[in-house]
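Fit chain B with the ligands to the given chain A structure using the hints.
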Amino acid sequence: MPSSVSPKSAPILKVTDLKMHFPVKEGILLRANKSNKAVDGISFEIQPGETLGLVGESGCGKSTLGRCIARLYEPTSGSIEFEGNDITKLKGRALMPYRQNIQMIFQDPMESLNSRHTIGDILEEPYIVQKIGDKASRAKRVRELLNIVGLPTRSITRYPFEFSGGQRQRIGIARSIALNPKLVVCDEPVSALDVSIQSQILNLLVDLQKEFNLAYLFIAHDLAVVKHISDRIAIMYLGNIVEESTGESIYHEPRHPYTKSLISAIPIPDPHRRVKREIISGDVPSPINPPSGCRFHPRCPRVMERCKLEAPLLRTVADHQVCCHLDDL
Amino acid sequence: MAALSINNLVTEFDTDEGRVRAIDDVSFTAKAGQTLGIVGESGCGKSVTALSIMRLLPQPMGQIASGSVELDGTDLTQLPIQEMEKVRGARIGMVFQEPMTALNPVHTIGRQLTEVLLIHKSIPPDEAIRQGVELLDRVGIPSPDVRMTEYPHQLSGGMRQRVVIAIALACKPDFLIADEPTTALDVTIQAQILDLIKELQSEMGMSVILITHDLGVIAETCDDVVVMYAGKVAEKGSVFDIFDRAAHPYTRGLLKSIPTLSTAHKSTLSVIDGMVPGLLDLPKGCRFENRCTHSEAPCGGQAPKLQTVNEQHQVSCLRWQEL
Ligand SMILES: Nc1ncnc2c1ncn2[C@@H]1O[C@H](COP(=O)(O)OP(=O)(O)O)[C@@H](O)[C@H]1O
Ligand SMILES: Nc1ncnc2c1ncn2[C@@H]1O[C@H](COP(=O)(O)OP(=O)(O)O)[C@@H](O)[C@H]1O
Ligand code: SF4
Ligand SMILES: [Mg+2]
Ligand SMILES: [Mg+2]
Numbered sequence: 001m002p003s004s005v006s007p008k009s010a011p012i013l014k015v016t017d018l019k020m021h022f023p024v025k026e027g028i029l030l031r032a033n034k035s036n037k038a039v040d041g042i043s044f045e046i047q048p049g050e051t052l053g054l055v056g057e058s059g060c061g062k063s064t065l066g067r068c069i070a071r072l073y074e075p076t077s078g079s080i081e082f083e084g085n086d087i088t089k090l091k092g093r094a095l096m097p098y099r100q101n102i103q104m105i106f107q108d109p110m111e112s113l114n115s116r117h118t119i120g121d122i123l124e125e126p127y128i129v130q131k132i133g134d135k136a137s138r139a140k141r142v143r144e145l146l147n148i149v150g151l152p153t154r155s156i157t158r159y160p161f162e163f164s165g166g167q168r169q170r171i172g173i174a175r176s177i178a179l180n181p182k183l184v185v186c187d188e189p190v191s192a193l194d195v196s197i198q199s200q201i202l203n204l205l206v207d208l209q210k211e212f213n214l215a216y217l218f219i220a221h222d223l224a225v226v227k228h229i230s231d232r233i234a235i236m237y238l239g240n241i242v243e244e245s246t247g248e249s250i251y252h253e254p255r256h257p258y259t260k261s262l263i264s265a266i267p268i269p270d271p272h273r274r275v276k277r278e279i280i281s282g283d284v285p286s287p288i289n290p291p292s293g294c295r296f297h298p299r300c301p302r303v304m305e306r307c308k309l310e311a312p313l314l315r316t317v318a319d320h321q322v323c324c325h326l327d328d329l
Numbered sequence: 330m331a332a333l334s335i336n337n338l339v340t341e342f343d344t345d346e347g348r349v350r351a352i353d354d355v356s357f358t359a360k361a362g363q364t365l366g367i368v369g370e371s372g373c374g375k376s377v378t379a380l381s382i383m384r385l386l387p388q389p390m391g392q393i394a395s396g397s398v399e400l401d402g403t404d405l406t407q408l409p410i411q412e413m414e415k416v417r418g419a420r421i422g423m424v425f426q427e428p429m430t431a432l433n434p435v436h437t438i439g440r441q442l443t444e445v446l447l448i449h450k451s452i453p454p455d456e457a458i459r460q461g462v463e464l465l466d467r468v469g470i471p472s473p474d475v476r477m478t479e480y481p482h483q484l485s486g487g488m489r490q491r492v493v494i495a496i497a498l499a500c501k502p503d504f505l506i507a508d509e510p511t512t513a514l515d516v517t518i519q520a521q522i523l524d525l526i527k528e529l530q531s532e533m534g535m536s537v538i539l540i541t542h543d544l545g546v547i548a549e550t551c552d553d554v555v556v557m558y559a560g561k562v563a564e565k566g567s568v569f570d571i572f573d574r575a576a577h578p579y580t581r582g583l584l585k586s587i588p589t590l591s592t593a594h595k596s597t598l599s600v601i602d603g604m605v606p607g608l609l610d611l612p613k614g615c616r617f618e619n620r621c622t623h624s625e626a627p628c629g630g631q632a633p634k635l636q637t638v639n640e641q642h643q644v645s646c647l648r649w650q651e652l
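If you read the sequences in order, they're chains A and B. Mapped onto this note's numbering, the consecutive letters of the first sequence carry residue numbers 1 to 329. Mapped onto this note's numbering, the consecutive letters of the second sequence carry residue numbers 330 to 652.
Okay, chain A solo, but in the shape it has when bound (with noise of 0.2 Å):
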């Protein structure tokens, strides 16, 4: 069957089986003999001026993913390409333009932001650390800023705790975009929200994205509103991908028995369509000691002999990848 998707234009960002593992240290003399495999080999592209989402349960390591990425943690092993250069190990003054380029924006901006500057000097910081611009032309792009994401221009001598939740959010967009970067790593920002809040938040994201090109890497666990903001979707189970399509197909044709599981979860806005849901059992197991074969067996209401023994590749069904041993998907 033709596909609709239009050819590929480069990827502005290429991941290549990227694994983080932390060090866990146990026992009497505290020895790193264990590891917490909260990334573990993972591929994705995303294309200029578009927005992966990415879900799953809490602890199936998103964050950490989004800060490999951003280049907060670097990776144990595999490849971040960046428009076709690798960052993967780059450190100090050679990651400075990435940096510029690859902006994050977190589910609390009071982590973020400092408390003791004023608004101003925390969107005029981005451009001293780069060098640029002199005092006046900074202080023309801050007003500016705060233009553009809908904060009055007096905010720029008020403190963080002088601001509510959602326009400190406000704050942590403006100066992720201070330095027009091309891709943000959105790691949960409304998921803090109160709705009529977090809707505001969502069209800031889009018409940004729109003016400026921006390339999201967005992660949430609210599926819905995941599913508004993103082109493709990457379900994450216990370190690894289990299922990417399009956010429509991912809905309505769900293919791996986590993503159906998942969407089945989400309670409905609609007392008409109370829905008999299929409930998975049990937790996310530890990542410290993943379940052998398929990670997710333990709480597949599919499971086989096969899944206990052998994980499951990635492989492409219809539109979908999906990485599942069923061969009915």
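Source of the hints: derived by calculation from the structure; they are not laboratory data. Treat the hints loosely; a few may be bogus.
[What the hints assert, rightly or not] Within a straight-line C-alpha distance of at most 30 Å, the following computed DSS-like cross-link-like pairs (lysine-lysine) qualify:
id	chain 1	residue 1	chain 2	residue 2
1	B	Lys527	A	Lys182
2	B	Lys595	B	Lys527
3	B	Lys634	A	Lys260
4	A	Lys260	B	Lys595
[Said to hold, decoys possible] Sample of chain B residues facing chain A (criterion: CB under 8 Å; computed from the structure):
id	residue
5	Ser485
6	Ile518
7	Ile601
All C-beta atoms in this analysis are idealised placements derived from N, C-alpha and C, irrespective of residue type, glycine included.
Here is chain B with the ligands on its own, set in the frame of chain A:
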């Protein structure tokens, strides 16, 4: 089976900036055997309502200034404190958002569970242990006898919330008040917990008050709904009144602003501009007035009284008939 009716409740806090009114003239009835949802954005007064019912307001700052909370005709606000302690646990159980606030980190699960049973029932300790194991099993905790000897930190968030539910339901109360019981959990675990509450409810014929900011959770679980805004009831009615024929601009705004799985991709979501006002600068008239796209001169002048849409559906908006 019991009904709980909250009548003209006013709850106030003493703060450094003076006395603030967090709950202002709130009334609603939670019917026997049913699930009542309380929904609204943060700071609207959902938790303070629950704490007022349970008389667990932080002391000495928080107090019920007026109004009554009637459980089958008994006004809980007037009970002597020892009597109220018997009501808590035995007649009304409570589950909070963060299970660790309800659990003692230095005591085993077994000790905390049996303690409740021993306080409220006259049974010997070994019988309390037996019933404790049974309860853990009932709320879906694997190897319950082993779990009895473990500490809260050894359990996952979802398992801890199950333990809190087991404790809340230990004495088979008539009422369960659950304040954002699944907000801190993943959707998969949320589905497990909501299902468990539903099951236990039908098994025990219990009434439930479920507090949440998630309209999806409300639609799936509630019979009746109270929408709160800035300490007042904006609208209340059956779940169908609220979702099919919402009359308050705030309720309508909330419903429209959530992306659903059928919202067009990257379309502009409708928003409610501005934010919930602080208790120190509440608007004089309708509290939603400064954010409402339908507000007109009278809205700013007088606080609207609850108006009747139909028998069980009431709305606090002057203009609802014109919208
Ligand atoms: N800096 C770190 N050091 C050690 N372990 C970590 C660190 N960050 C995350 N982890 C572990 O990695 C796993 C994945 O965590 P995280 O990436 O935060 O997941 P998610 O964002 O999907 O909830 C968890 O088991 C977590 O405890
Ligand atoms: N101990 C307290 N002292 C002063 N104000 C309080 C206190 N607890 C809650 N409030 C105020 O009461 C209002 C309602 O809070 P709450 O019931 O917790 O909201 P919700 O649960 O709907 O998010 C808020 O404005 C909050 O700031
Ligand atoms: S490989 Fe087996 S256990 Fe894993 S998801 Fe597929 S059917 Fe389930
Ligand atoms: Mg995370
Ligand atoms: Mg609350």
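request  = With a cut-off of 30 Å on the C-alpha distance, tell me whether B:Lys527 and A:Lys182 pass.
outcome  = violated (47 Å)
ask   = Against chain A, with CB atoms and a cut of 8 Å, does the hint on B:Ser485 hold up?
value = This hint holds: B:Ser485 lies near chain A, its Cβ roughly 5 Å from the closest one there, short of 8 Å.
query = Given the hint that B:Lys595 pairs with B:Lys527, does the C-alpha gap stay at or below 30 Å?
reply = violated (35 Å)
query = Does B:Lys634 pair with A:Lys260 here, judged by a C-alpha cut-off of 30 Å?
reply = The given pair, whose Cα atoms are some 46 Å apart, is violated under the 30 Å limit.
inquiry  = Holds or violated: the hint that B:Ile601 contacts chain A, with Cβ atoms closer than 8 Å.
reply    = holds (4 Å)
ask   = Holds or violated: is the Cβ of B:Ile518 closer than 8 Å to a Cβ in chain A?
value = holds (7 Å)
key: Distance restraint between A:Lys260 and B:Lys595, which requires alpha-carbon spacing of 30 Å or less   = holds (23 Å)
Hints 1, 2, 3, counting from the list given before, are not met by this structure.
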